[in-house]
Amino acid sequence: MNYLAGFNIVLIVGAVQAAYLMASLSFLKKGHQSNRLLVALLGLLLISLVLRLSYSPALYLTYPHLTIAADFVMFAVGPVYYLYVIRLLYENTHFNFRLIIHFVPLLIFLTSLAYLAFKTRAQVVEMDRAGKLDGYYLIILTGAIIQLGVYLYLVKKELREYTTNFKQQYSSEMKADFISSVTVVMILALAAWTIAFLVSLFLPAEFGFFTNLSYQVAFVILCVLLFVISYYVIHRPDLIRVSIQRKEKYGGQEITSDQLMQLKERLAQLFENEKPFRDPDLSLRNLSRKLGVNQTHVSRVINEGFEKNFFDYVNGYRVREFIDLASSEEYANYTLLGIAFEVGFRTKSTFNKSFKKETGRTPREYLKKKGSAQLKTE
217 MNYLAGFNIV LIVGAVQAAY LMASLSFLKK GHQSNRLLVA LLGLLLISLV
267 LRLSYSPALY LTYPHLTIAA DFVMFAVGPV YYLYVIRLLY ENTHFNFRLI
317 IHFVPLLIFL TSLAYLAFKT RAQVVEMDRA GKLDGYYLII LTGAIIQLGV
367 YLYLVKKELR EYTTNFKQQY SSEMKADFIS SVTVVMILAL AAWTIAFLVS
417 LFLPAEFGFF TNLSYQVAFV ILCVLLFVIS YYVIHRPDLI RVSIQRKEKY
467 GGQEITSDQL MQLKERLAQL FENEKPFRDP DLSLRNLSRK LGVNQTHVSR
517 VINEGFEKNF FDYVNGYRVR EFIDLASSEE YANYTLLGIA FEVGFRTKST
567 FNKSFKKETG RTPREYLKKK GSAQLKTE
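Residue numbering for the sequence shown follows this note's numbering, starting at 217 and increasing by one per position.
Please keep in mind that the hints were generated in silico from the structure rather than gathered at the bench. A virtual CB, placed ideally from N, CA and C, is assigned to each residue, including glycine. You may find that some hints are simply not true.
[What the hints assert, rightly or not] Ranges between beta-carbon positions, derived for each pair:
#, residue 1, residue 2, range
1, 486, 236, 41 to 47 Å
2, 334, 417, 27 to 33 Å
3, 473, 501, 22 to 28 Å
4, 380, 541, 26 to 32 Å
Using the sequences plus the hints, can you model the full thing?
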């Protein structure tokens, strides 16, 4: 089997995976509203894979208008992904007609097709062969690459803002991990696409093989992207259950110094006695309900009273609880990760980062120094 056959098999697997995910999300009874945008994104990726699989010179000669129009996908992926991220992170965000501004480049591209619409099939093919469409292709591809790059930057920026707010309200960062993973893979695909474009633009025809290889790498990365999305959808379905709203720091509510100190003591007692941090889904809202106090006050007492954000405050307790359990004979046969899950951590990466931030060492280094080397490896 040559590498082209293997490449096509990868694309077929990716296309089937995209179709399966679309069907699964579409028929999900209690799905998040953002799922509609995820289905749209998956649909665009599916179209890209199908077009690449079915493309041939004969197809172009038969349907040149349709082949060129199919490039609309390039201008749709960026805006759809960005809007999906916004809706996923902030489920109470209300979309309105102004969002059409995100699709202006797509509308411009579709409008540009009007010129070719009045040409016959033979005329379009002849214009292409004569190089009369080279400038058009250059503008389209350059614009599509820049647009996708801008939207990936906006997603990273939005993710940083969300993470700041998130750490004030939640103790698990699964949703941020999901968006970060998807974005990194999309950046890699964009990089491969850009390299292929630049090679075809500036290097002689002898480098055509390298250009094709770069484009193929970009499509393989798209299949990896579908695998990443599938992993999170299948193994971590609860990542879409928690969302936050954009808000002011304390909502303008006041709390006296005495009240702050009293609440600080109550909070510390709650964490010591009831250990709510062992719930991996603990949120600022849930904690506020346990205390019977407005969540803005709880946020303030953590920020000002303990000089931490909610994320670090909760995970600090989890780290200390982990150390206690790791020294217990009852947990001698547990792996490090097993104990981490017991105390409320949901992912290995969050556990390792929080542990090192709290103690200055990795979990294994810390326990080895304390003489707890009997713990199993992960």
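Exercise for the section: Mind listing which of the numbered hints don't hold for this structure, in increasing order? Expected result: No hint contradicted; all consistent.
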